[in-house]
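Single-letter residue listing:
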Amino acid sequence: MLTPFTESDAISLVKTAARSNLTLEIRGGGTKAGLGRPVETTEILSTSELKGITAYNPAEMVMTAKSGTPLSEVVAVAAEHRQGLAFEPVNYRGIYGSDGEPTIGGTFACNLSGPRRFQAGAARDHLLGLRFVNGLGEVIQAGGRVMKNVTGLDLPKLMAGSHGTLGLMTELTFKVLPLPETSATIVLAGMDEAMATQAMAEALAMPVEVSGAAHLPESCRARFLGGALPGPGTTLLRLEGLGFSVKERATKLVAAFSKVASVSQLNHQQSASLWQEIRDVKPFHADGRERPLWKISTAPSMGHQILSALRLQTGVDGYLDWQGGLLWLRMEAAPEAELVRDLVKQAGGHATLVRAIDEDRAAIPAFQPETPAVAALSGRIREKFDPAGMFNPGRMQNAR
Amino acid sequence: MTETLAFLPPNEKILARRAIIVGDLSDLLGPEGIVSDAAELVPFETDGFIAVRNLPLAVALPRTTAEVSALLKYCARYDIPVVPRGAGTSLSGGAIPQNDAVVIALTRMNRILDVDFANRAAVVQAGVTNLSISEAVSADGFFYAPDPSSQLACTIGGNIGMNSGGAHCLKYGVTTNNLLGVKLVLFDGTVVELGGKYLDAGGLDLLGVVCGSEGQLGIVTEATVRLIAKPEGARPVLFGFATAESAAACVSDVIGSGVIPVAIEFMDKPAIEICEAFAHAGYPMDAGALLIIEVEGSETEMDMMLAGIIEIARRHGVMTVKESQSAMEAAAIWKGRKSAFGATGRIADYICMDGTVPLSELVAVLQGTYDICASHGLRVANVFHAGDGNMHPLILYNINDPDESAHAEAAGNEILKLCVDHGGCLTGEHGVGIEKRDLMRHQYKEADLAQQMRLRAAFDPKWIMNPSKVFPLEGRVA
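So the sequences go chain by chain: A and B. Numbering follows the working numbering, with no gaps: position 203 of the first sequence is 203. Numbering follows the working numbering, with no gaps: position 242 of the second sequence is 1242.
Any given hint might turn out to be false.
Claimed, not checked - Think about it this way: if two alpha-carbon atoms lie no more than 30 angstroms apart in a straight line, the pair counts; the simulated BS3-like pairs of lysine-lysine are:
{"#": "1", "chain 1": "B", "residue 1": "K1171", "chain 2": "A", "residue 2": "K295"}
{"#": "2", "chain 1": "B", "residue 1": "K1171", "chain 2": "A", "residue 2": "K252"}
{"#": "3", "chain 1": "B", "residue 1": "K1230", "chain 2": "B", "residue 2": "K1338"}
{"#": "4", "chain 1": "A", "residue 1": "K247", "chain 2": "B", "residue 2": "K1171"}
{"#": "5", "chain 1": "A", "residue 1": "K259", "chain 2": "B", "residue 2": "K1230"}
{"#": "6", "chain 1": "B", "residue 1": "K1322", "chain 2": "B", "residue 2": "K1417"}
Stated by the list, open to error - Here are some chain B residues the structure puts well away from chain A; computed CB gaps all over 10 angstroms:
{"#": "7", "residue": "A1038"}
{"#": "8", "residue": "D1116"}
{"#": "9", "residue": "V1259"}
{"#": "10", "residue": "K1322"}
{"#": "11", "residue": "S1339"}
{"#": "12", "residue": "I1347"}
{"#": "13", "residue": "R1379"}
To be verified - Chain A is faced by these chain B residues, among others (derived, beta-carbon under 10 angstroms):
{"#": "14", "residue": "L1005"}
{"#": "15", "residue": "P1009"}
{"#": "16", "residue": "E1012"}
{"#": "17", "residue": "I1014"}
{"#": "18", "residue": "R1226"}
{"#": "19", "residue": "P1231"}
{"#": "20", "residue": "M1304"}
{"#": "21", "residue": "T1427"}
{"#": "22", "residue": "K1445"}
{"#": "23", "residue": "A1458"}
What the hints contain is simulated information worked out from the structure, not anything from laboratory work. All C-beta atoms, glycine included, are put in the ideal place defined by N, C-alpha and C.
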């Protein structure tokens, strides 16, 4: 394991690796190593010693931290100033049964966002700037530490979600926004998925700023919040903000839906726990059986249709987040990649095979296959950042 | 204004073949789709950055993605430079052509193709104006959030090219945060679709790179944009402060309090005077600085939020607080701010800068701006988006006075360097274009720029898309 302590160390290591034709697996906390195609490299490069918050002025709502800084440290320091990462970074340790500490670099490299995604944006929308070492061993500075910046190409967007395939991030600058003062969740019981999807769309059309909209079918409802949610089938609408706002908006939502469903309400504490469980995919955590797990992003009106279609053809459990546009699926047995991807292709969107046994991970593209033109373009881009294909080769499964 | 803003020298071979090229383009689009008459080309010689003018070789007005694809395929084959154009409102010269370029103007592709409330998305052609999207969905309670000042005229294709912002992006984000997908024609005519009515396009985030790429990575012909439910109400409040320092300190504390208003606009004394004389908005003339803070929500919510903000302002010794009591008063408050550029244009020529700085540097950069302009013997007025540090100094000068023009350009460059030196950037929402191209090396090291240029070359290996813009002409890499 190569462990740089400074950015200069990282540059030397990359240059050495380039000279010796080595390949490098970039590893932060290793908690999401199960995501993407398994990478076989000559060396592992750990960011664990590139750590520490280097700049934070709460009045600017911006923080800078080295890439290996534990996510928990970022969250804790920002919380002291009632700020946080508004995209709700996910914790995949439960999904993979992994231990280790998620890092801020890994968080942005995977561009994974929680339930607030449709309102607050993705991780990539919160990354303002970064420093990274490219495949030539050059330090590249991109973006900045200001909220609005259109100076040149938006490299931070490209680096977010590149899964460490374009370079080694050393330092990141990102938004830290005010944490909501309080929250509440309106619980609608007894709707099927089609009704729930319609209800979520109606709620999102109201001027109440819903910041979470999920539907938990009866098949997995009881595995959330210790079984405390009412069924059959639970639809959830989250409100966040100042106390008086949340109270007023909750009243409006209750009034709007009390005719079509049995309505109850969760307080701030319960709401916080529940949305964390939804974010971290609690019902489908690793249980020793490594059943395949898919994450599907599609149009909000299509999520439940994909789920229904699959139920007719295979053993599957799933639930909807992001107003119905994020569908989590756990297959009973095989990944059924062809079936899933065909349905997603018809519906529009993309399917990521988040968890599978190694054999399936090697055989099935983890990310939705791209059209030849997009794949070719992505390939040309990779060559411009990492000509030798040194970093996490093959993780995103694009032909090189 | 300036001969320093050089374009790439025109390719004489292309100029010599002009008649043939125009003929070929007419074959592709039909004669009514091509503008080649010298007089008819004049409206295309510049954009909102009027200091530079160049007649293009010809202008093509495609109606479909297939036509855009055919045009690009043809131009790539003969290495003819292409300059994409929307409504031509760029403030950085992003749409100004060069003599050997074919302008591809998307203004005839102006249809809204699909409005989908269940999925809160609209699919529009690139030539649709920004405001018309909100107008099309307003009756159903939705809007499209980014609101650049030119929103009546500017097109969504141009907004994507520049990653445009606006006064309300403090809460709702800029174009890139509200864009779900595009149909993009690459330099060689290849059509690709990125994203759609879903979140987080898979694979590398090409959509994120295309947004703000100033027409250099391809031509966007269609866009899928995010629609948001309109707030119940919105209310701006005017705050007059004795000094810029106290106004800026108030901004910091408002943001620190955990309430992010929809907009926080800042005007300094010269701007107050110019706007009040024009709009009669009732701005306090004794104030040294003015903030317009807008909040959204129900009547009760707005009352509660404003009470908190007013209390913070009082702690900073606010002199005047003027709450709008009616829609008319609210409109009057915004009228002054929104007419700032127009009002300034009535009293002098001006160039508008667009640097962004960290919030803690606002006052220092403002003072530096005054010092720089004073040293050049020029007046300056500042109106800007204080909530996100995006400054807009308007440097007043006489465009017919070459000496004063040179001073204005020099002052502008010094101000932008000052922004970078205070941890900021050259441009927050107007784009680099031709205007700030030669300052790029002040913000970026050689390796940083080279990496961006290599990325650009991955999309356009021939460097024929809007080639004179963004990247300094020397030291280009493929």
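Evaluation of the provided hints:
1. K1171(B) / K295(A): 29 angstroms, holds
2. K1171(B) / K252(A): 22 angstroms, holds
3. K1230(B) / K1338(B): With Cα atoms ~20 angstroms apart, K1230(B) and K1338(B) stay inside 30 angstroms; holds.
4. K247(A) / K1171(B): 21 angstroms, holds
5. K259(A) / K1230(B): 24 angstroms, holds
6. K1322(B) / K1417(B): 36 angstroms, violated
7. A1038: 34 angstroms, holds
8. D1116: 8 angstroms, violated
9. V1259: 7 angstroms, violated
10. K1322: 23 angstroms, holds
11. S1339: 22 angstroms, holds
12. I1347: 28 angstroms, holds
13. R1379: 26 angstroms, holds
14. L1005: Result: violated, 17 angstroms to nearest chain A Cβ.
15. P1009: Violated, because the Cβ-Cβ distance from P1009(B) to chain A comes to roughly 24 angstroms (cut-off 10 angstroms).
16. E1012: 31 angstroms, violated
17. I1014: The hint is violated - I1014(B) has no Cβ within 10 angstroms of chain A, the shortest such distance being about 26 angstroms.
18. R1226: 8 angstroms, holds
19. P1231: Cβ of P1231(B) sits 5 angstroms from chain A, so the hint holds.
20. M1304: 5 angstroms, holds
21. T1427: 5 angstroms, holds
22. K1445: 7 angstroms, holds
23. A1458: 4 angstroms, holds
Checked against the numbered hints above, the structure violates hints 6, 8, 9, 14, 15, 16 and 17; every other hint is satisfied.
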